Each structure stands twice: as structure tokens, then as C-alpha cells.
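Enquirer: What follows is each chain in one-letter form.
There are 2 protein chains.
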Amino acid sequence: MVVIYRTPKDPEAFDAHYFDVHVPLAKRLPGLRKDEVSRRPILTPAGDSEPYLIGILYFDDVAAMRHAFATPEGQACAADRRILAPEAGDLQMYLFDAAEV
Amino acid sequence: MVVIYRTPKDPEAFDAHYFDVHVPLAKRLPGLRKDEVSRRPILTPAGDSEPYLIGILYFDDVAAMRHAFATPEGQACAADRRILAPEAGDLQMYLFDAAEV
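Protein chains in written order, with this note's numbering: chain H, 9 to 109; chain C, 9 to 109.
Worth flagging that the hints you see were computed from the coordinates, not collected in a lab. Worth double-checking, as some hints may not be accurate.
Since the list gives no way to pick out one identical chain from another, each pair is judged satisfied if it fits inside one copy or across any two copies.
To be verified - Taking lysine to aspartate or glutamate pairs in the DMTMM-like style, the calculated list, with each CA pair at most 20 Å apart, reads: (1) Lys-42 x Asp-69; (2) Lys-35 x Asp-88; (3) Lys-35 x Glu-108; (4) Lys-42 x Asp-68; (5) Lys-42 x Asp-105; (6) Lys-17 x Asp-28.
Being a predicted model, the structure only gives us computed values, none of them experimental.
Kindly generate the complete structure, drawing on both the sequences and the hints.
Expert: Printed below as a string of C-alpha cells:
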């Protein structure tokens with residue numbers, strides 16, 4: 009799962025919430041294998057100031073992700089994510105299986 | 009590095025080019041540790057039909073990525089990527105260091 013956050017209105021509050029609340033909730037997701045978070049800066053070909061933060065959560069497969077978000081821990085994580093990114097444009101979230109090529 | 013492609017005008021031609029030409033070029037990038045490609049479907053909270061494909065390329069760090077794309081192999085890969093995704097909106101590309109949390 010790749011989650012891409014736009015720059016929040018209050019980056020300092022976002023960071024505190026993200027690392028002190030959201031990451032601990034995410035780490036309780038059943039089946040989570042690894043949780044990686046981007047460091048700054050995130051570079052783009054056009055030199056944009058977006059995105060602000062990218063999280064990559066690893067599970068065995070999409071079925072395991074879906075199962076995780078159906079649990080109470082997953083529901084808590086999703087609810088907290090809506091606090092972090094309340095508006096539709098605040099984030100992009102993609103769930104997919106990936107294969108090494 | 010995370011590369012997110014929009015649905016191309018000709019998906020069949022895109023796939024052939026991506027897997028037969030682009031992936032082999034990417035695999036020649038100096039310092040590449042792993043190249044992963046999304047399988048379908050890519051799921052989103054809103055059930056969008058985008059994006060079409062996500063590639064994740066792993067290097068030791070951003071410095072290694074920048075070095076890779078400064079080589080002839082990197083230049084060839086970037087030039088081919090512009091054939092795959094000729095318009096600005098055809099892809100998002102993000103380069104960042106990531107840390108496990």
C-alpha cells in the first residue's frame with residue numbers, strides 16, 4: 009500500500025500526529041510486514057514541493073491488506089487517517105500486489 | 009523511486025513497451041537493488057480506475073538514484089520513459105529516501 013499525503017495546513021501538528029499517533033496505530037495492523045516512511049525532501053522531475061510525505065506499508069498481498077482494514081485495529085487506523093487527511097484531495101492511497109521484474 | 013502511470017491511450021502497446029523495452033532498460037541502471045511492478049487491479053478508496061501501473065525502484069539512497077540517472081544507462085531509461093509517458097500528466101515520479109518506522 010502506497011499512501012501519498014499533500015502538504016498539510018499545519019505541518020508541525022501533522023508530523024506530531026503522524027509519528028506519535030498514526031504510526032503506532034499502523035504498526036498494530038494484523039499482517040503488516042513493514043512500514044516505511046519517506047524522508048525529506050521528496051524529489052520530483054519538475055521540482056514540485058508536493059507531495060509532503062509518502063508511507064509504504066507492506067503486507068503479504070492485497071487480501072491480507074483488506075483483512076487488516078476489516079479488523080478493529082484497521083478501522084482505528086483508517087479513522088485516524090481521516091483525521092490526518094480530512095479532505096478528498098489530501099491524499100492518494102493505492103493498494104496493489106507487486107511483483108519483482 | 010515510485011513511478012505512477014496514468015492509463016495510456018493504447019494499454020496493449022504500453023504493456024508491450026513497458027515490459028519488453030522499459031523494464032530491461034531499468035534493470036541496467038547502476039545501483040538498482042530491486043524493481044517491482046504493480047499487478048492489477050490497483051485499488052483505491054474511491055474505486056477509481058486510475059492509476060494504471062506503479063513501478064517501485066529501490067536503490068541504496070537518493071544519491072545512488074541520482075548517480076544512476078546521470079549515467080548513459082540512466083539517460084536511456086529516462087528517454088524511454090518519455091516515450092512511455094509523453095505528456096506531463098501521464099505520470100507522477102517521486103524520489104525519496106525511506107526509513108522503516
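Enquirer: Evaluate each hint against the coordinates.
Expert: Taking the hints in turn, this is what the structure says about them:
When the C-alpha separation of Lys-42 and Asp-69 is checked against a cutoff of 20 Å, the pair qualifies both within a copy, at 12 Å, and between copies, at 18 Å. Taking identical chains as interchangeable, the C-alpha atoms of Lys-35 and Asp-88 lie at most 20 Å apart only when both belong to the same chain, with a minimum of 13 Å there against 38 Å between chains. For a Cα distance limit of 20 Å, the shortest separation of Lys-35 from Glu-108 across copies, 11 Å, qualifies, whereas the shortest one inside one copy, 25 Å, does not. Taking the shortest Cα distances, Lys-42 and Asp-68 sit within 20 Å of each other both inside one copy (10 Å) and across copies (17 Å).
For the homomeric pair Lys-42 and Asp-105, the shortest alpha-carbon distances inside one copy (15 Å) and between copies (15 Å) are both at most 20 Å. For a Cα distance limit of 20 Å, the shortest separation of Lys-17 from Asp-28 inside one copy, 18 Å, qualifies, whereas the shortest one across copies, 43 Å, does not.
Of the numbered hints given earlier, the model fails none.
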